[in-house]
Structures are given as C-alpha cells and as structure tokens.
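Take a look at the letters that make up each chain.
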Amino acid sequence: MKASYFPGCTLKNKATHLDIYARKCADVLGVTLEEIEEWQCCGGVFTTSKDEVATKLSSVRALKEAKAKNQPLITVCSACHNVIKQTNHAMEDTQFADKVNRYMGEDAYDGSATVYHYLEMLRDLVGFDKIKEKVVNPLTGKKIGAYYGCLLLRPNKVMQMDDPENPQIMEDFIRAIGAEPVVYAYRNECCGGYIAMEDPQSAKKKSNRVTECAQIAGAEMIVTACPLCKYNLVKNGSELPVIYFTELLAEALGVKEVSNE
Amino acid sequence: MQRIGVFVCWCGSNIAATVDVQAVAQALKNEPGVVFSTDYQYMCSQAGQDMIKEAVAEHNLTGIVVCSCSPRMHEATFRKTAAAAGLNPYMVEIANIREQCSWVHKDIPTGTEKAIILGKAAVAKVNLNTPLTPGESPVTKRALVIGGGIAGIQTALDIADAGFPVDIVETKPTIGGKMAQLDKTFPTLDCAACILTPKMVDVAQNDKIRIFSYSEVEEVSGFVGNFDVKIKKRARYVKEDLCTGCGACVEKCPMKKVPNEFNLGMDNRPAIYIPFAQAVPKVATIDPNACNMLKNGKCGLCARVCTAGAIDYTQKDEIIEEKYGAIVVATGFNPISMDKFDEFAYSQSKDVITSLEFERLTNAAGPTAGKLVRPSDGEHPHTIVFVQCVGSRCENCAEKGKEYCSKICCMYTAKHAMLVRDKYPDIETYVFYIDVRTPGKNFDEFYRRAVEEYGVKYVKGMVGKVSPEGKKLKVQASDLLNNKQLNIDADLVVLAAAIEPDKSARPLATMLTASMDTNDFFTEAHPKLRPVESPTAGVFLSGACQGPKDIPETVSQAGAAASKVIGLLAKDKLTGNPCIASSDENMCNGCSSCERVCPYGAITYVDKEFRMPDRTTKVRRVAQVNPAVCQGCGACTVACPSGAMDLRGFASNQIIAEVDAICK
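Just so you know, the sequences run in chain order W and V.
Just so we're aligned, residue 1 is where the first sequence starts under my numbering, counting upward by one.
Just so we're aligned, residue 1001 is where the second sequence starts under my numbering, counting upward by one.
Be aware that a few hints might be false.
Taking beta-carbon pairs under 7 Å as the criterion, some of the chain W residues facing chain V (in silico) [unchecked claim]:
#1 N166
#2 A185
#3 Y186
#4 C213
#5 E220
#6 M221
It should be emphasised that the hints constitute simulated quantities derived from the structure, not laboratory data.
Note that beta-carbon positions come from the ideal geometry of N, C-alpha and C, so glycine has one too.
Required output: the full structure, derived from the provided sequences and hints.
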C-alpha cells in the first residue's frame, strides 16, 4: 500500500526518532510512505478564527497533493495531525474553501482527502493483528503508560480517533507489541504545551501531574506521539523514560537496537 | 348548489392584527355558493356560535366555512355548532388563517391576500361536501399496562379499582421497577420498600389484575377500543403456578457467580434466582445463559430439591393473545451508561459509582446489608464527592450525554448526602452542581436542611477530573463562586447519571404508532392540556416514559392515565371517524396495491358478481375497507392506479377543487 506522508518540522530536527522509525516500521508493515514534495510547516497551531486563511495554506497544499495522488495522508506528530485534520475539516465549509482556493492555483480543493495519524494507520489500515504477527522482539513484561495529551483526541467531533475521555488506541498498540498497558487518569490531560515558554512553573506542574499519576499506576515508561509533550515531560523532571511510540514499535519489529532506557 | 355561510374570526388581535378580516369576509361573499358572509371578534365564543346558528336558520345554509384557527383547535367546536343548528357536522370546513397565516405574516396586505385564498379553497371544498355519518365500534373492557414499575403498578391498581380487568406486562422477573431498588425516598425519607411492596402485594392479590412478568409485548394491531396484542411470555423454566418461592433451589444452585442485576452487578446471584425477597410474583427464574443444566444438561440440582415439582427445563416461550380496549405505556427510565464519561474514572475505579449503585450500597437489602463502604476494599470512606449533572444538560454533546435536565438528581443527591451525614457524621460530603433545582412541595426546604443542618458542602462548579491514585480518588474541580481550583482527596465519588427512556420504548412506539421526541420520550397529545394521552387514540402515558419524573409526580400521572383509561372503558361504544376510505367497486381491478400500503390492515378482498353491459355475469376480485379499522390516512387513495379508492370528506375532487381555488 502506498500513502502520502507529512513528517513536519520538528521531526526533521528535535524529533528525528519519531520520523526515522515511523519510516522503518512502515517498510516492515508493507506501507510505502511517499513524503509530500516540498511540504511546509503545518502552521503549528490550528487557529479557529474563520477568516484566518494564510496559516492554513501549507496544510491545504499537503492535503491537495495527497488527494491528487489518491492516497491517504499519514501524519505522525500529534500537533501536525491536529492542524492538518482540522484544516481538512474546515475545507468542507464551501465558503471557507472558496477563500482558500483563491490561493491554490487551478485545481480547487474540497476537503475530501483522508487523513490518518500513524496510530490510526496501524489500527485501521494495517491492523493490530498483523502487527502482532510481525513482532520479532515482543516487549513482554514491560509496563507502559500511554500518553495521549490533548491534540491527538480533541476536538473529538473532528479528530474522530477515539473516545477523548477513555481512549484505547495506544493501549491496543502497546498490547500488539507484547507489552502491558498501564491505564492512568491523566493520560489525556495537557502536558503544559506552549505555556512552557511563558510560565515554566505552570508547565512543570502540569507535566509532573501526568508523570506522577502514571508512576503511581505502575508505569515503567511513557510513550507519546507528540514532540512537545515529550519535551515538557522530560524537561520537567520525569523519572520515567519518555519515548516515541514509533521507537517502541521499531524495537518490537526488530528494526532498532534494543534500548536500555 | 350549496348555500354557504362564511364566518371570519378576528381571534381578538391574533388574526385581526395582520389580516383585514372585513376585507376577507367581503371578498368571500362573491365566491360560488356563498350566500352569507360576516366577521366577528371571537367566533368560538357562545355569541359567535349563536351567530352561526342564527345564520343557518335565517339564510337556510347547507354548508359553513369558518376562517379561524387551526382545525386541531376548534374544528370539533364548530362541528357541534353545526349539529346544534340542524346541519350535518361534516358540512363545516375550517380555513386556518391564524397558525398558517396571521401568525407567520407580518404585514396586512400579504396576510389578507393569503387569508382570502385560504377562504376560497375552503369554500370550493364545501361546495363538494356531502353529509357523513360516523360508524360505531365496540369497546373491549380490558386494559394493558406495559411496564410494572411504580407507574404501571399505580395505573393498574386504579383501573382495577374502577372494576375493569388489567394486565401488566413486565420484562423483568418481578414487578417493582426502579423504586424497588431505592433505599429512601425524598422528601420525607420513608423507606422505598416499605411504601412500594404493599402496593406490589395489592397488585398480586387483586383478582382484576394479571401479571405477565418476564414477558414482552410482541405485536400490537387494531385501534382504540379494539387492540389485538401478542405477548411473549419468556420461558423462566419454572412453573409459576407450582413454585412457592421457598428459595431452596436458590440456596442449592452451584452456579453462584452470576452478576446480580438487581444490585447492579455489585454482588453475585445463582443461576436460579428470585430478584429480591419481596418479589412479585415470588417465583424463581432460571437464567438460561448461566444454568449448566440448560447449557449442557449437567446438573439438575434445583429440580431435585424442589418439593413442589415446579422446575421445568423443557419450558418454551409462550405467546399469549389478548384483546384490549386501552394501552398504557409505563416503560420507565434507565441511568445512561458512564462509558463516555471517563473523566470521572468510572471504568478505572470501583470506588466511582452511580447514584443508583449508591442506593443499593446504602440499602439494608443491598450487597453490604446497608453498610456504607468503599466497594474496592470494604473500608469506611472519609470523604465522598457527589457530582451532579453527569450527562444531563449536556449542550452540544448529544453523542455522549443528554441536553435535557434529568430533574430527579438534585433531590436524590441532597438525600444521599444528608443520609450520609446523618448516619456517619465523620464523613465529609461535597456536592458539585451547575444549578440546584428543587421545585416541588417541601423540596427546597429539604435541600436547605442538607446544607444548613447536616453541613453538606455544596460547591457550584463541575468536577473536571477524577484520578485514582493509590487508595485515593484525586478530584480536581472548580469552585466558580470563589473562582478557585479545588483538589479533593476522596474515598468515594458518586455520579448522578442522566436518565434516559428504557431501550424498549422505541420499538414499542413503532408497534403502537405512538409518537416520540428526539430523546425517545413518548410525546403527549398536548403538553399542557392532554399530558397523559398519546396522540394515538387509546394509548396513554404513565411515568418517566414521557419525561424525567420523581415518584410523587409519577404516581400523579399514573392515576391521571388510569382515569383516562377508565373514561374510555366505561363507554360501550366508540364513535368512529367517518372520514375513511371507500372503494368504487366498478373501478377496482383487484390489484392489491391498496392492501400493500395500508398500515392498519383495513383492506380485504372479496369476489363479487358483476352484471356486464352485454348482460353476462362476471366474478371480479374487489377491495373492501373495514370501516372500524380504517384511520383515514389516505395512503390507499394515492396508491390506487385506477382511481377507485377515495377518502370520504377528503375526496380527490374536493382536494383538486381546493388547489384550483388557490391557483386561480
């Protein structure tokens, strides 16, 4: 299967592991990821302002390219996924689409591409059962706390990934690679996000709450799909290792050295 | 040619403010057949009606057009007026110039023009009206009550008290419903079982009442006064007439690990069980999904210990067919699932419970014999947080909650918190609320007592997160009045889950052709003036199937529904609607199109001899309409390819005349 792939800026510098292992694992799982040509920053944050067009153009270009190739668009970074998926949804509004399409050259885009987060790709396009078969290095006995953060699940009406208050997709993923998921209440709460720049103390409080809760529930490590979440959790003194879910998948599929973290 | 009188109503300023009523009367005077035309402030008043009667006598009228409000409002009134004046009541037509005209238009020229057009259409129709006589149908003097909770129980008792036989159909093995699961009832705090179980016994002992427990309504046909109902009595594998309810089988059953529905799964019951000590009927039921004997033929212990010989592993579902004159829906409610509300960690911790579970936890007959403990470890709780409006008043979240207020939660939460403080003064209780809504006799006083006398801490604001950490439930909430974030370490969190109609309500509504709102609550015929009747004749509503209700309100409505049923069953005959379909046998080609579309099964076919023009005789198959069953929906008249079917009072030529008058 071929799919368009949008890595995003952070995955090209700070979060290279998220990107590299996503590609390696896709190969093993029989998905060919074709990187969008000359992609640009997703916009970073989805602005809900209706007449804000400029910051959404790069996302629309990526969506349009995937649509032209008739491929699903795969994202990995939670933030990129959130922006692109919300932009795609916004494009279903013909009035808004009309404004955007004036910058889009000849072919208009109408919001009809399908956007999958890499986790959704694993669940819906590959199937966790198939992943289970491909695992060569099951992470048996590892107690892993999934950390969703905010952007992956919300707003639910648009993201449609999982129940935002009781998500299961990462837990199912953890089970598929042979480890034991640890459910803890703060797995879908905010890490502090960009407030880390303005008010580091607040961000620290938010992150600590997450890691503390995971630790009490018995987690030995935390996995996430979001570079910013990882930054906050690690920076704010988590004793638990925080790693990207693609690294873990790569470990299980045998395309990464087993880490001793 | 008809001699038609036109009467234009002002409806005070309701019509007259946007319609020039005199101009309407004047314009309609020139319509064919009209011999008299006038306007008046309130046509429906005694003076207005007298005016119509006088005009009939003076001008020798044969038809009447009233330009007024919707026919749903006053058609019956003016038909009676016509009858009193010696006219056939079906010679009256209403032109709705209020709801469909004056209320929706803003300026007088538009309103007046439209009112004239609507009046012309009505005149055109009356020109073709013929006198109609309604038929009569007998009334089966037996009522069916669907649902055996407090609503159904009260309705059945009241109907039986008036001397009419009643059957209760209940899906559970016992009647009693939700009220049987409650501990105390607000605002007087009497024990629910103490006031409910005597009523259950009354039902059992009343020779006018039959209980079909563990049963479902399978099929409903017929119409008001003459419903044919099929009831499926599910096999309980115990002969009801032989079982004495001694409970020996329950004690001996080796399959003891079946979650007990009555205690909401907080303890277990055996495969053969009696839901609770005061169950009515007090007979055992075998759960076929848990019983070894029924699953693989290995066991049979209950049959061996049963001295009455009541166990019957070969029992089959049974279909009972019965006729009823009236049907009362009393299907009640259920708390919504907490699956989509995991911010409160219901799926993560046993110590997060719903309010109904809390009732069982404090009930002397419950899983802990009434001792309030944490379900996870059986320890005494020190801090309890109650969260109101979980899934209620949930705007823009129809996919997980309900937009409406569940109405009962404010009061029962106040009750729970008060009872906790009364019995265990060492326990801190917090109640988080959006608003406290306690209208009702002695309700607000009750809530204030909880706050002022019992020291329940009420906090305006919602709980945002419950996180089970170690033995504690970390509750994060907002205190809106102090503009503060609160963090409370709780031992028990109680969620006041929104309530929704029972799942059986929707298929039942389809069977009864009774209407529902978007939340699956049954709709009443009129929200203020006919609150216990469904718009479907002969179907009545009792209790929470119509909307969230507490016990006092449910009992009032149950009695009201019963009185409506009694009023119906007291009649020997019902006057039908004469506006029904009839088939012109000479045009009917027996194609069965009408039979296929008839939702009431009113059409049958007969072979009939016809004399042909060449003096031979030919037998043809033709449609016949059963006038007692036909509801006059008109589906057949549209389906009929040869134009043989027509609707009395709404004949095709009448409708076309109306359209012509409008388009002229």
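Broken hints, numbered, in rising order? Those not satisfied are hints 5, 6.
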